[in-house]
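Can you build the whole structure from these sequences, using the hints too?
The listed protein sequences correspond, in order, to chains A and B.
The first sequence begins at 1 in this note's numbering and counts up by one.
The second sequence begins at 1 in this note's numbering and counts up by one.
Please note: incorrect hints may appear among the correct ones.
To be verified - Chain B is faced by these chain A residues, among others (derived, beta-carbon under 10 Å):
#1 P52
#2 L53
#3 V71
Calculated directly from the structure, the hints in this document are not laboratory data.
If you're wondering where the values come from, they're calculated on a predicted model, not measured in any experiment.
Here a beta-carbon is modelled for each residue, glycine too, at the ideal position from N, C-alpha and C.
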Amino acid sequence: MQEVIKNFILEKFLDNDSRGFSSDTDLSKILDSMAFLKLIDFLEKEFAIEIPLNEFYVENFENVNKIILLVERAKNGT
Amino acid sequence: MEHKQIQFDVAILGSGFGGSVLAMILAKQGAKVVIIDAKSHPRFAIGESTVPLTSQFFSLLSRKYEIPELANFGLNSPAGIQKIVGNCCGIKRIFGFTYHQFDKNYNSNNDIQFGNVWRDENHLFRQEVDTHLAKIAVNYGAVLKEDTPVISVEINEQVKITANNGEEICAKYIVDGSGYRSLLAEKFTLRDATPKPKHHSRCIFTHMQGVLPFEKNENLSIPWCQGTLHHLFESGWIWVIPFGNHPQATNNLTSVGLTLDSKKFPDLNLSGEEEFQSILQKIPIVARQFAKATAVRPWIKTGRLQYSSHATVGHRYCLLPHAAGFVDALFSRGFSSTLETIDVIAETLLESLAEDDFSMQRFEHIDALQHKILDFTDRIVHCAFISWANFDLWNAWMRVWAIGVGTTESNLGSYLFMGKRSKWQPVHDPITSRFEDPGFRSLFEDCETFIIDFKNNKISATEASTQLFQRIANYDFQMTLPEQVCGHEWAMKNALCRDLFLGKPDLHKRWKAKQPDPHLV
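Here it is in structure tokens:
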């Protein structure tokens, strides 16, 4: 899951420039709210989940590690 | 009997919607709060239709002041409301507008729907919702005193409130959320003798059973009954707000109201029921919707709806929006205006309490905000009433309003998502909201000038609507939407697109190809 998410961000938003990009990189410094909406759309389709609107806060998308936790929560319906 | 004096930080008059939301925020943040109400819950209230801005502000307050329950009324609604309040509230998928002329047949080509892709909004059954909000305030530690009419308020170096049972309540500050009959407005003679609003209307309203769905328009996305329906006619409108419009619903009532320009429709001393029927007789297609409907409570008939206050804050007190003034329920601006103001009041009061400084200057921006909100609501409603003389003019003015709310929602949505990391900056000198688009004031004011010129017989309706559409077409539309929502900007600006519902892929395809609604070509 980690690689899939990282690859999407690299390809869509970073022109495949992976320098300094890790699972801890603060995405809020790279992405704007529209980019996050694209990311949410991708996550919902890729992992067949629905992310509830009350999870739509940048803290939940701060870095790839946090996104993984969010996807797990959505999968478990918690 | 001697009563013990209790010292509170903030006393709030009125445990309705605004009073309870402010009380829970202050109590949660550690203030000692008392809410005093002359009556008790549950009780009938109108103002039922929410808009995305309402939900966004609820979620903003929930997050900012750490009150998870409020998110249920915010972006977690309608499911959140169903979970905690029950199934007494309705859903709202669209603003629906039908247009009528007394001497002509109804033309369904003049129907307009404006809605949202993301989620449904709500028709709040206020007696249950307000009761629940007061309970949340109590759960966070606010002291609620119901059935406690206040007989006097003295404000010196503190606030001393005397109730009719002899009880004395002391507080550092008092907020009046008691609406039209505001105690502080009366005590300090704050009401303008001549209300500021230019708009002039009166209202007749009740809850009904047996209201039928309005004729389906096959060309539009959503059945009327799944939204807030507005029947518009020259100098008046009827609202139809069903609560029983989803599968889980347990409440088959519908809120119904008639608002009339009191200069065009002077009060002839008919009863509410008689006056409602007299208007229905002039619009047979609408009368059919009410053929089997009966009021479940007596119709309430108001005098002039508009009132305003020359000051909304003073030494150790402030008024909530509906204690300060009111214009008209059109465009459902009440909830979002109240919540936006409550946010600013709460923020200011918490700082004042922390520093024990209640000097007037700290609160002046609240007064400015309330005047601004009332003025904008007045202007947008006033021009809407004028525009109903001609469908093209209404079609254009409706888009000025829709562009304003749409872009504000988009900005607030981005701010809600990004929080402190948002690049959003409050717009300098907004006309309606800190979150509006930078260009909105000039679009609004330019278009308003043409509507007023039309009213003053300086230009024809056609000239005015042509001017409006030119300005709308040139508006720098900054609203950001996901890639899959194509052509929304075009749809909002195009006179031949009546289905502004954001959510059907076939619509988006048509919008992207810049094709008007097929039934209008």
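Verification of the supplied hints:
Proximity of A:P52 to chain B holds as hinted, the smallest CB-CB distance being about 7 Å (cut-off 10 Å). Proximity of A:L53 to chain B holds as hinted, the smallest CB-CB distance being about 4 Å (cut-off 10 Å). Evaluation of the A:V71 hint against chain B yields a violated restraint, the C-beta minimum of about 17 Å exceeding 10 Å.
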